[in-house]
Each structure stands twice: as C-alpha cells, then as structure tokens.
Amino acid sequence: VQLVESGGGLVQPGGSLRLSCAASGFTFSSYDMHWVRQSAGKGLEWVSGIGTAGDTYYPGSVKGRFAISRENAKKSLFLQMDSLRAGDTAVYYCARDGGSGEWYFDLWGRGTLVTVSS
Amino acid sequence: QSVLTQPPSVSAAPGQKVTISCSGSSSNIGNNYVSWYQQLPGTAPKLLIYDNYKRPSGIPDRFSGSKSGTSATLGITGLQTGDEADYYCGTWDGSLRAAVFGGGTQLTVL
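Respectively, the protein sequence lines represent chains A and B. The numbering used here runs 2 ahead of the 1-based position in the first sequence. Once you know that position 3 of the second sequence is 1 in the numbering used here, the rest is easy, because the numbers rise by one and skip nothing.
So here's chain B without its partners, still in its complex pose (with noise of 0.2 Å):
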C-alpha cells in the first residue's frame, strides 16, 4: 500500500489528452514539492516534472503538473504511442521522514 494514491491505469486514444491523479495527505503533498517521473518499459525512471509544475530541459511542454492542497496531477497532450509508461508521482513524507512515491499508473495508448 503505498502512501500516495495513483489510478493503475488510463488510457487514451492518440493525439488526445491524459491526466493522471496522485492523492496524499498534509504530510507529504500538502506541505511539500511534487515530482513525476516516467518509467518506461526496461529502463530507468525518468524525471518528467519536479516543484509540482517545473519541467527539466528536454521535456516537451506537452507534460505538464499541478498541484491542489493533498493532491496533484500529471497531464499529457498530444498522446504518442511513445509515451506508453508507468508514470510515478513522488514527495517528502515530513511525519515519515522518508521519500515517498505512488503506486504508478501504466499509460496505455491506444
């Protein structure tokens, strides 16, 4: 069970939008930065979004995150079979001391 709450999967057609959810609590989301990360098949995570909304250099401006009070959400436009992934939502936990990441949705596009 993990301590952020993320759907398993959604799906979408392409070219078409995806959100994808991840729920905490006051001690983790809600007092603290968001980052998402993309996982795709065989390789490494990846960081899509970090500070709830930043993007690294080399992420397209089609990820896009937000954050509202415990939760936040990753957002994908103009789908790609490319992006077909497991995607993670992650924080600090202060009442846990600890890195904490949600269970992962896998994106399937169709």
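Isolated chain A (complex conformation) (with noise of 0.2 Å):
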C-alpha cells in the first residue's frame, strides 16, 4: 500500500507543472485524495481535495491556479499547478483520504519537491 509523486522541480514564477501520483495496493477509485504541502521549515497547507465522484475543492490560496484530477483507471492523481508563485515551493504530497470525506489523511506518499525560482 503506497503512494508515490512525481513531476516535481524548477520552474519560474508564472511558471506550469503537473505533478502525478501514482497510487497502489488498495482501491483506489473508492477512496478521496488530496496534495498537502509544505515549505522549507513550516508546517502542512492542505491544497486540494477529489472525491469518489470527482468533485474537486481547493483552498483560496491556490484556487483559480491549481486544478486537481485523478484516473482511475490508472490508480493516478494529478495536480496541474498554473501561475505559480515563489510562495508555491514546496514539498507536495499525495495523501489518502481516511473516511470519505472525513478531512483526515491516513496514507502520505514520500513528497516531490518543487521549487519556484528564476
């Protein structure tokens, strides 16, 4: 059972990437995912959530920049990051949502870093 991100590196402000996160050993298409990030040093931004049924929600912070999206048949997660800022580097992490929709995160993957810099 794990979860492992990709896609992550440089990018200049304003600046696109994708990040994907590729899920295994459990069902995926049953369960919520979310991208949680972290900067250098601080805590944890949640910064969006899928549901079951593909219903996406975001933060205000990243609303309108990042879109999230998932495959299920590919047991893929996928966060199209847009307009990005230098206050969007960070570590990403995929993460599973515990109880459908109950907003607590039981699975992480290992994070991908991405780095907003010209």
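To be clear, the hints were calculated from the coordinates, so they are not data collected in a lab. Check before you lean on any hint, since a few could be wrong.
Said to hold, decoys possible - Heads up, simulated DSBU-like pairs for lysine-lysine below, C-alpha to C-alpha not over 30 Å straight-line:
(1) Lys76/A with Lys65/A
(2) Lys15/B with Lys44/B
(3) Lys77/A with Lys44/B
(4) Lys65/A with Lys77/A
(5) Lys15/B with Lys77/A
(6) Lys15/B with Lys52/B
(7) Lys15/B with Lys65/A
(8) Lys76/A with Lys15/B
(9) Lys44/A with Lys65/A
(10) Lys15/B with Lys44/A
(11) Lys65/A with Lys44/B
(12) Lys44/A with Lys52/B
Just so you know, these numbers come straight off a predicted model, no measurement behind them.
With the hints as a guide, bring the two chains together.
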C-alpha cells in the first residue's frame, strides 16, 4: 500500500508544472484523495482534494491556479499548477482520505519538491 | 499564522508523559473531528489519531487523543527518544471550506 509522487522540479515564476501520484495496494477509486504541501521548515498546508465522484475542493490560496484530477483506471492522481509563485515552493505530498470525506489523511507519499525561482 | 494554534515546542524526559494542545474555534475543532500526525525528521507525516481519539492499527496505545469544545489534546506516555518529531493537529474548517492544520509542535525527549 503506497503512494509515489513525481513531476516536481525547478520552474520560473508564472510557469506551470504537473504533479503525478501513483497509487498501489488499495482500491484507488474508492477513496477521496488530496494534495498537501510543506514549505521548508514550515507546517502543513492542504492545497486540494478530489472526491470519488470527481468533485474538487481548493483553499483560497490556490483556487483558480491549481487543478486536481484523477484517472481511476491508472490509479493516478494529478495536480496541475499554473501561474506559479515563489510562495508555492514546497514539498508536495499526495495523501489518501481516511474516511470518505472525513478530512483526515491516513496514507502519505514521500513527496516531490517544487521550486519556483528565476 | 495557522488557523489552529499549537505550542511551538514541548519537552520531557524519557519515560515521562507529555501533552500537546491544539486550539481552534467553532468553525473548525468545535464542530469537526480532529486528527493528529507525527512527522519524524526528513520523512512524510504519519497519521496517529483520527476522529478525535481513534488510533489506526499499528499505533501504540501510548498515543491518545481527546477533544473538548474548541480544543484538542494529544497525549504521549512512556516517552522514547524515537518519539522526537514534529506533531500536527488537523481538521476541517466550515467557514474557510478548507482542511486546516496547526503550526506544528516540536517534541524533544531530553
């Protein structure tokens, strides 16, 4: 049972990046999924969630710039990030919702680092 | 500034007990379940407590959670050096319509 993120890297301010998360060992389509980020030396910040029916949720800080999506057949979660800013620099974690929208995260990936800098 | 307030650090000796507080409001802790996470240095967060007090399988009963009103508490008994980590509380905020976390508490086992 694991989640493996990929797609991080260095991007210029205003640029775009697409993160991926590969799930294995559980019935991916049955779980809500999320992205949570952590800036260096800072705390956790939830950045998006997607339900089993494809309904999406975002905090105000990324709404309109980030888009979460999923492809159940490939057990994959994605995060399209546009209009990136320096403040978006962080490790991005893929996380599984433990209880059908109960908003706790019972499985986490190792994370992928996104650096926004010129 | 995090929505949920945690002390930046706590410390205690091996074998002792420590509690970590998490303070919020009626829009978050007051009307929603609280979860707690442990983040060991250089690793991803790990779920310790969900639904205020429940432990996932594999989490020892040295870890406990409670909630009262708009505050929650994580308790750790029989402290071990391996418990040194950052601990975060989390919940849903109905006003912000967002999942929110505390700023984290660094536990030092002296």
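Each hint, compared with the structure:
| no. | hint | in the structure |
| --- | --- | --- |
| 1 | Lys76/A with Lys65/A | holds, 26 Å |
| 2 | Lys15/B with Lys44/B | holds, 20 Å |
| 3 | Lys77/A with Lys44/B | holds, 22 Å |
| 4 | Lys65/A with Lys77/A | holds, 24 Å |
| 5 | Lys15/B with Lys77/A | violated, 42 Å |
| 6 | Lys15/B with Lys52/B | holds, 19 Å |
| 7 | Lys15/B with Lys65/A | violated, 42 Å |
| 8 | Lys76/A with Lys15/B | violated, 45 Å |
| 9 | Lys44/A with Lys65/A | holds, 21 Å |
| 10 | Lys15/B with Lys44/A | holds, 26 Å |
| 11 | Lys65/A with Lys44/B | holds, 27 Å |
| 12 | Lys44/A with Lys52/B | holds, 27 Å |
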